[in-house]
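Trainee: Using the sequences and the hints given, assemble the complete structure.
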Amino acid sequence: MADDFDAPVRAPPDTLTLALGAWEGPLDVLLGLARAQKVDLKAISILALVDQYLAFIADARDLRLELAADYLVMAAWLAYLKSCLLLPPDPQADPDPHDLALRLQFQLQRLDAMREAGARLLARDRAGHDTFRRVAPEGLRLVASRTFECHLYDVLSAYGGIVRRRERPEYSIVRRDVLALDEALERLARLVGGARDWTDLSAYLPSAPDEAYRRSALASTFLAALELTRQGRTDLAQADAFAPLLVRAVIPLPPHTVILANAGGNGD
Amino acid sequence: MTDPGLIREVEAIVFAADAPVTVAEITRHVTAAGDVAAALADLAESYAPRGIVLVERGGRWLFQTAPDLGHVLRRTRTAPRKLSRAAVETLAIVAYHEPATRAEIEDIRGVTVSPGTLDVLMAAGWVHPAGRRESPGRPLQFATTPGFLADFGLADRRDLPGIADLRASGLLDRAPPSGASAGDFAGGGLHSER
Amino acid sequence: MTDPGLIREVEAIVFAADAPVTVAEITRHVTAAGDVAAALADLAESYAPRGIVLVERGGRWLFQTAPDLGHVLRRTRTAPRKLSRAAVETLAIVAYHEPATRAEIEDIRGVTVSPGTLDVLMAAGWVHPAGRRESPGRPLQFATTPGFLADFGLADRRDLPGIADLRASGLLDRAPPSGASAGDFAGGGLHSER
Numbered sequence: 000m001a002d003d004f005d006a007p008v009r010a011p012p013d014t015l016t017l018a019l020g021a022w023e024g025p026l027d028v029l030l031g032l033a034r035a036q037k038v039d040l041k042a043i044s045i046l047a048l049v050d051q052y053l054a055f056i057a058d059a060r061d062l063r064l065e066l067a068a069d070y071l072v073m074a075a076w077l078a079y080l081k082s083c084l085l086l087p088p089d090p091q092a093d094p095d096p097h098d099l100a101l102r103l104q105f106q107l108q109r110l111d112a113m114r115e116a117g118a119r120l121l122a123r124d125r126a127g128h129d130t131f132r133r134v135a136p137e138g139l140r141l142v143a144s145r146t147f148e149c150h151l152y153d154v155l156s157a158y159g160g161i162v163r164r165r166e167r168p169e170y171s172i173v174r175r176d177v178l179a180l181d182e183a184l185e186r187l188a189r190l191v192g193g194a195r196d197w198t199d200l201s202a203y204l205p206s207a208p209d210e211a212y213r214r215s216a217l218a219s220t221f222l223a224a225l226e227l228t229r230q231g232r233t234d235l236a237q238a239d240a241f242a243p244l245l246v247r248a249v250i251p252l253p254p255h256t257v258i259l260a261n262a263g264g265n266g267d
Numbered sequence: 000m001t002d003p004g005l006i007r008e009v010e011a012i013v014f015a016a017d018a019p020v021t022v023a024e025i026t027r028h029v030t031a032a033g034d035v036a037a038a039l040a041d042l043a044e045s046y047a048p049r050g051i052v053l054v055e056r057g058g059r060w061l062f063q064t065a066p067d068l069g070h071v072l073r074r075t076r077t078a079p080r081k082l083s084r085a086a087v088e089t090l091a092i093v094a095y096h097e098p099a100t101r102a103e104i105e106d107i108r109g110v111t112v113s114p115g116t117l118d119v120l121m122a123a124g125w126v127h128p129a130g131r132r133e134s135p136g137r138p139l140q141f142a143t144t145p146g147f148l149a150d151f152g153l154a155d156r157r158d159l160p161g162i163a164d165l166r167a168s169g170l171l172d173r174a175p176p177s178g179a180s181a182g183d184f185a186g187g188g189l190h191s192e193r
Numbered sequence: 000m001t002d003p004g005l006i007r008e009v010e011a012i013v014f015a016a017d018a019p020v021t022v023a024e025i026t027r028h029v030t031a032a033g034d035v036a037a038a039l040a041d042l043a044e045s046y047a048p049r050g051i052v053l054v055e056r057g058g059r060w061l062f063q064t065a066p067d068l069g070h071v072l073r074r075t076r077t078a079p080r081k082l083s084r085a086a087v088e089t090l091a092i093v094a095y096h097e098p099a100t101r102a103e104i105e106d107i108r109g110v111t112v113s114p115g116t117l118d119v120l121m122a123a124g125w126v127h128p129a130g131r132r133e134s135p136g137r138p139l140q141f142a143t144t145p146g147f148l149a150d151f152g153l154a155d156r157r158d159l160p161g162i163a164d165l166r167a168s169g170l171l172d173r174a175p176p177s178g179a180s181a182g183d184f185a186g187g188g189l190h191s192e193r
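Chains as they are written, first to last, in numbering that gives the first Met the number 0: chain Y, 0 to 267; chain D, 0 to 193; chain C, 0 to 193.
Bear in mind the hints are in silico, worked out from the structure with no lab data behind them.
For each residue, glycine too, the CB sits at the ideal point set by N, CA and C.
Please note: incorrect hints may appear among the correct ones.
[What the hints assert, rightly or not] Which residues of chain D face chain C? A few of them, derived with a C-beta cut under 7 angstroms, are:
hint, residue
1, Arg7
2, Glu8
3, Glu10
4, Phe14
5, Thr26
6, Gly50
7, Leu68
8, Leu72
9, Arg74
10, Val112
[Said to hold, decoys possible] Residues on chain C that point at chain Y, a partial pick, calculated with CB under 10 angstroms:
hint, residue
11, Thr64
12, Ala94
13, Tyr95
14, His96
15, Ile107
16, Ser134
17, Arg137
18, Leu139
19, Gly161
20, Ala163
21, Gly169
Mentor: Listed below in C-alpha cells is the structure:
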C-alpha cells in the first residue's frame, strides 16, 4: 500500500508489477490494465481487458504468489462475462452481458474519476502545505455579565412578606401583654381575699415596666372590682370624682370556686 | 522603500510563526533579498491604523490585535438573572432600614444572610457598605446606592411606598439610639421579646 | 465604504478567533454598527496583495498566508503527515458524493475500507458522521466538515475540482446511465465482501 500521496497515483502503464501488495484489490488492477490500453476509458475493449486480467492472474500463479480470494472471484466472473459476450446475443439473458460490461466500464471510470479528484484536491492550496494560519490565536470570548433582574414590586412584596412573617409571633406576645378580665378577676379575688379594710384598688395593680400592660391591667382590674361588687363579694367606695377607689372583701371565700362560676358568664 | 516581495514574505513569516520572531530568524527564512528590519518597520507603519498591529517585544516581532479593541474580543453579553428570594428580602430590608448591619438584616429576616447574598446586591450595584456602626464590634453597615433608586424608578428613598403606613403602625420603629446593638434594634422595632 | 471602526473590529475578531468564523459569530462580537459582510469584503480586497490574505471557506472567514508563499513558510514548519492513497481516495469519494455510506465507498473503490482510513480523515477534522441513511440497516453516512473546505482552500463544495463535469457525466450517480442491473453486477463480481 502506497503511503506517499506525492507519488503517481497510477501504476506506470506498460509495466504492471506483480507485487500484489502494490494493488488495492482487483478493481485497482483492472483500472491499471485499462489505463495501459492508452485509450479513453469510455473506449476500452472489455474483452481485451478481461484477457489481460486473466493473464495477470496466470502470471501471478506461475510465480506462486498468493492471491487473495477476491482476485480469483473477479477472474472467474470476468471469464464468465467474456463467454457471455462471445456467445450469439440472447435476448432472454438476464442480466444482459452488455449491461454488465457497461457497468464494469462505469465502475472503472468512476474509480478513475475519484483518483483524479483526490489528486486535484491534493494539488490545491492546502493548509499546512501552501497556506499557514496563526499557531495559537487568543480566541474570542463571550462573557455573560451578571445583571440581575428585580423590580420594585419584588422588593415591596418581599418586604411585605417579611412584615407579615414578623406579625404572627407579635400577636401572641401582645396577648400575653394584657391582663385579661378573667385573669384580673381571679387575681383581684385572690389578692383582696378576706381583707375587710378599705384598700386603694391601685395597690392591687401589678407592677410592670410595660406601660401598655399597666394600662390594660388598670382597666381589667377596675372591671374585675365592679364584677366582684355586683356579685356581692366586695364593696367599692370613692370619696370624690378622681379620688382613690377603695375596695374591701364582703365575705371571705375560697377564690377558685367563685371565679370559675363568674368567668363563664362575664367573659367580656 | 523595501521590496514588496520581501515585505510579503516577512508579513507571512511573522503571522504564521509559532512564537514572536527575531529579525535574525526571519532573515534565515526569507527568499527575497533586502533589509528585513526595514521591511518590519514598513509593515509596522502600514498596520498601525488597522485592527491588527505589528509590534516588537524585546527584539521579537509579532502580530496582535490593536490594544483598544480588547473589549470586542472579550465581549460581555448581558444575561439577566433573577435575584434569589434571600437577595430580594435583603435588598428590601436594607432599603427600608438603612443603614443596616448584617446582624440586623439577619434578625429581621429570621435567618442568617449568606455572604454571597450581599455580594450579589453589591455586584448589582444596588447596595454598598456605608461605614461602621459605633456600637460594640463596630459592625459594617449597608445602605442602598443612588443606582438602586435609579434602577427602581425612585426619586428618593421616601418614595418607597408604604413605609409611612408601616411606621405609623409601629412596625418599623427603630430602637432608641442608646441600645444600639442588633438585638435591641429588633426588640424595639419589628418584634418584641420579653 | 464601510465604517473604518467596524472594519478594524472585524479584522481583529477574525485574527483572534481560534477557528474560521461566520458572519453571525463576528456580528455577535462587534460593537460598531454596520454591515459585517461588507466589511469582510472590503478587508479581503485590501489584504489581497499582501502576504496575509483574508478568505472565506464554507461561509467561514479566516486569515492565512498567501498561497504563493508556501515555499517560504514550509521551511519554518514540520511537514504534515502524508495521506495514504486509500485515505485520499476515500476523502475524494466522501467529498464528491456526500453524504456517503461506507458501503458506497467500498463499492467505488472495489475493496473494503480499512478501519484506519476513515479514522485518519475524522482525526484530521475533514470528515464526520452525518446521520444515518434511511435504508435497510440504516447505515451511517459520512460527510466533509467546514474544516475540510478551509484546509483544502475551497470556498464551498461547488469549488470541488471538476465536480460540475463529473455530475454532468453521471459519474457521481450510483449506477451507469444506461440503467443496467447494477446491483447484480456489484454483488456478483466487483464488490468484494469479506
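Trainee: Each hint needs a verdict: does it hold in this structure or not?
Mentor: Tested hints:
Among the interface hints, the one on arginine 7(D) holds; its C-beta lies about 4 angstroms from the nearest C-beta in chain C, closer than the 7 angstroms criterion. Interface hint status for glutamate 8(D): upheld, as the beta-carbon distance to the closest one in chain C is roughly 5 angstroms, under 7 angstroms. Because the closest C-beta pair between glutamate 10(D) and chain C is about 3 angstroms apart, less than 7 angstroms, the hint holds. At a threshold of 7 angstroms, the smallest CB-CB gap from phenylalanine 14(D) to chain C is about 5 angstroms, leaving the interface hint in force.
With 7 angstroms as the threshold, the beta carbon of threonine 26(D) stays out of range of chain C, its nearest partner Cβ sitting at about 12 angstroms, so the hint is violated. Look at glycine 50(D): its Cβ gets to within about 3 angstroms of chain C, closer than 7 angstroms, so that hint holds up. A distance limit of 7 angstroms between C-beta atoms decides the matter here; for leucine 68(D) the minimum to chain C is near 4 angstroms, and the interface restraint holds. At a threshold of 7 angstroms, the smallest CB-CB gap from leucine 72(D) to chain C is about 5 angstroms, leaving the interface hint in force.
With its C-beta approaching chain C no nearer than about 5 angstroms, arginine 74(D) sits inside the 7 angstroms limit, and its interface hint holds. Checking valine 112(D) against chain C: minimum C-beta separation of about 37 angstroms lies over 7 angstroms; hint violated. Using the Cβ-Cβ criterion of 10 angstroms, the hint placing threonine 64(C) at the interface with chain Y is satisfied: the shortest such distance is roughly 5 angstroms. Contact between alanine 94(C) and chain Y, as hinted, is supported at the beta carbon level, the nearest pair being about 7 angstroms apart and thus within 10 angstroms.
Hint on tyrosine 95(C) holds. Least Cβ distance to chain Y is approximately 6 angstroms, under the 10 angstroms limit. Nearest Cβ of chain Y to the Cβ of histidine 96(C): about 9 angstroms, under the 10 angstroms cut. The hint holds. Checking isoleucine 107(C) against chain Y by beta carbon gives a least distance of about 6 angstroms; that is within 10 angstroms, so the hint holds. For serine 134(C), the suggested interface contact is broken, since its CB lies about 20 angstroms from the closest CB of chain Y, more than 10 angstroms.
Hint status for arginine 137(C) relative to chain Y: violated, with the closest Cβ pair at about 25 angstroms, above 10 angstroms. With a least beta-carbon distance of about 20 angstroms to chain Y, the hint placing leucine 139(C) at the interface is violated under the 10 angstroms criterion. Here the hint on glycine 161(C) is kept, as its CB sits about 7 angstroms from the closest CB of chain Y, short of 10 angstroms. Of the supplied interface hints, the one on alanine 163(C) is violated, with its beta-carbon coming no nearer than about 12 angstroms to a beta-carbon of chain Y, more than 10 angstroms.
Against a cut-off of 10 angstroms between C-beta atoms, the interface hint on glycine 169(C) holds, since the closest Cβ of chain Y lies about 8 angstroms away.
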